[in-house]
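Participant: Take a look at the letters that make up each chain.
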Amino acid sequence: MGRITDALVVTPAYNEAKVIEATLSALFEKVERALVVDDGSSDETSRRAAAAGAETLRLATNLNYGGALQTGFLYAVKKTDLPYIMTFDADGQHDPSYLEAMLEPLRTGKADYVIGSRYLEGSPRGVPAARDLGIRLFAAAASAVVGQRITDPTSGLLAMTREVAQVLCSDFFPQDYPDADVVILLSRMGFRIMEVPVRMKPSPTGKSMHSGVTRPLFYVAKMSLAMIHAAARPDPRQKRKEAKIAA
Amino acid sequence: MLPEQRPFAILTALLLLALVVVLIRKRKLREEYALLWLGVGLIVMVLATWYSLLEWLTRAIGAVDPTSALFIFSLLFLLVISIHFSVVNSRMKDQIRDLTQEIAFLRKEIQSRVKKGNDESN
Numbered sequence: 001m002g003r004i005t006d007a008l009v010v011t012p013a014y015n016e017a018k019v020i021e022a023t024l025s026a027l028f029e030k031v032e033r034a035l036v037v038d039d040g041s042s043d044e045t046s047r048r049a050a051a052a053g054a055e056t057l058r059l060a061t062n063l064n065y066g067g068a069l070q071t072g073f074l075y076a077v078k079k080t081d082l083p084y085i086m087t088f089d090a091d092g093q094h095d096p097s098y099l100e101a102m103l104e105p106l107r108t109g110k111a112d113y114v115i116g117s118r119y120l121e122g123s124p125r126g127v128p129a130a131r132d133l134g135i136r137l138f139a140a141a142a143s144a145v146v147g148q149r150i151t152d153p154t155s156g157l158l159a160m161t162r163e164v165a166q167v168l169c170s171d172f173f174p175q176d177y178p179d180a181d182v183v184i185l186l187s188r189m190g191f192r193i194m195e196v197p198v199r200m201k202p203s204p205t206g207k208s209m210h211s212g213v214t215r216p217l218f219y220v221a222k223m224s225l226a227m228i229h230a231a232a233r234p235d236p237r238q239k240r241k242e243a244k245i246a247a
Numbered sequence: 001m002l003p004e005q006r007p008f009a010i011l012t013a014l015l016l017l018a019l020v021v022v023l024i025r026k027r028k029l030r031e032e033y034a035l036l037w038l039g040v041g042l043i044v045m046v047l048a049t050w051y052s053l054l055e056w057l058t059r060a061i062g063a064v065d066p067t068s069a070l071f072i073f074s075l076l077f078l079l080v081i082s083i084h085f086s087v088v089n090s091r092m093k094d095q096i097r098d099l100t101q102e103i104a105f106l107r108k109e110i111q112s113r114v115k116k117g118n119d120e121s122n
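Those protein sequences? They're chains A and Y, same order as listed.
Under the numbering used here, the first residue of the first sequence carries the number 1, and numbering increases by one thereafter.
Under the numbering used here, the first residue of the second sequence carries the number 1, and numbering increases by one thereafter.
I should point out that these hints are in silico values taken from the structure, not numbers from a laboratory.
One or more hints might be untrue.
Simulated pairs of lysine to aspartate or glutamate, EDC-like, Cα-Cα distance not exceeding 20 Å [what the hints assert, rightly or not]:
1. K78(A) to E109(Y)
2. K79(A) to E109(Y)
3. K93(Y) to D81(A)
4. K79(A) to E31(Y)
5. K116(Y) to D95(A)
6. K78(A) to E55(Y)
7. K108(Y) to D43(A)
8. K108(Y) to D95(A)
9. K79(A) to D65(Y)
10. K108(Y) to E44(A)
11. K18(A) to D95(A)
12. K115(Y) to E29(A)
13. K222(A) to D94(Y)
14. K93(Y) to E55(A)
15. K108(Y) to D176(A)
What the simulated footprint calls covered on chain A by chain Y, stretch by stretch (three residues with Cβ under 8 Å from a Cβ of chain Y suffice, anywhere in the stretch; the number is not a length) [stated by the list, open to error]:
16. 59 to 66
17. 69 to 78
By construction, the Cβ of each residue, glycine as well, lies at the ideal position given by its N, Cα and C atoms.
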């Protein structure tokens, strides 16, 4: 099977110089175009990414995961005419062999937004207990609001249509942790959401944006509020129309 | 307010007004905030000199004595101004995000033009 030519893979990266070449090397076996958004790294992430053949955007300051992702969506919408956009973490925990299966529901028109889920085929290994509990709770809450089973709303392995990416370029897209709240909002906007089973490796760098003591607590509080906000936001379909016109 | 407290209140108001004026002159305070803090300084000055107004305000909000009324108004003011600054901060974060994204696109554009120029000259 040839490489994927109809999607841009967006990879946000913050100080990932040690692993970015290995991640991109595996990625380029499966896709033709990848964009690394260097989120204000202090190391050689963007230089090594460019040397490995990726398109790169270097942010002058750290915008956080969501801000970097959104920059990638903007690039995909403004600078390419590709019909699909995928997101892929730079730290090497995602497996590029699942990308083709994730694109399939988009190509056949069965979905607009595809989540690579670690939970569709049983419990994943290597997810810390507290994080596992948090994901399950948010998944249950998101499922209840969306009205369909969502098992892994925090997954960073995503595929979406160009129209979804256009909508995610709007101001409402969270700059820190775009997770279950985005799933809820997209569903309320009328986009079809689907999950595809994937396996992920533990991050080789061992880093997580949710590590520490205060950050997970803040994350849980912030995400709970964001989910309520997303579920209660009036007239999300109008937002979808506005985003399309703005793009 | 006891008579001996009045000079301190007036002095505080004068110092606040003077600080605001100095900050405006040095262009370290934008006009909208300058107006706000000048207003605060004037209100403190009025309350320090017009004691019966403070007594009336105390009765109006059901406070026990004028000192409590002053504390309540101060806390309310600080609460409102904190919320206002949170709003300003949120807006500035959005603006910084937009600028950062724009700079990233411009930087890429410049790099590709430089590369194209180098390729053509070779």
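Participant: Now look at each hint and say whether the structure bears it out.
Facilitator: Outcome of the hint check:
| no. | hint | result |
| --- | --- | --- |
| 1 | K78(A) to E109(Y) | 13 Å, holds |
| 2 | K79(A) to E109(Y) | 11 Å, holds |
| 3 | K93(Y) to D81(A) | 29 Å, violated |
| 4 | K79(A) to E31(Y) | 40 Å, violated |
| 5 | K116(Y) to D95(A) | 35 Å, violated |
| 6 | K78(A) to E55(Y) | 63 Å, violated |
| 7 | K108(Y) to D43(A) | 18 Å, holds |
| 8 | K108(Y) to D95(A) | 28 Å, violated |
| 9 | K79(A) to D65(Y) | 66 Å, violated |
| 10 | K108(Y) to E44(A) | 17 Å, holds |
| 11 | K18(A) to D95(A) | 18 Å, holds |
| 12 | K115(Y) to E29(A) | 26 Å, violated |
| 13 | K222(A) to D94(Y) | 17 Å, holds |
| 14 | K93(Y) to E55(A) | 26 Å, violated |
| 15 | K108(Y) to D176(A) | 24 Å, violated |
| 16 | 59 to 66 | holds (count 4) |
| 17 | 69 to 78 | holds (count 5) |
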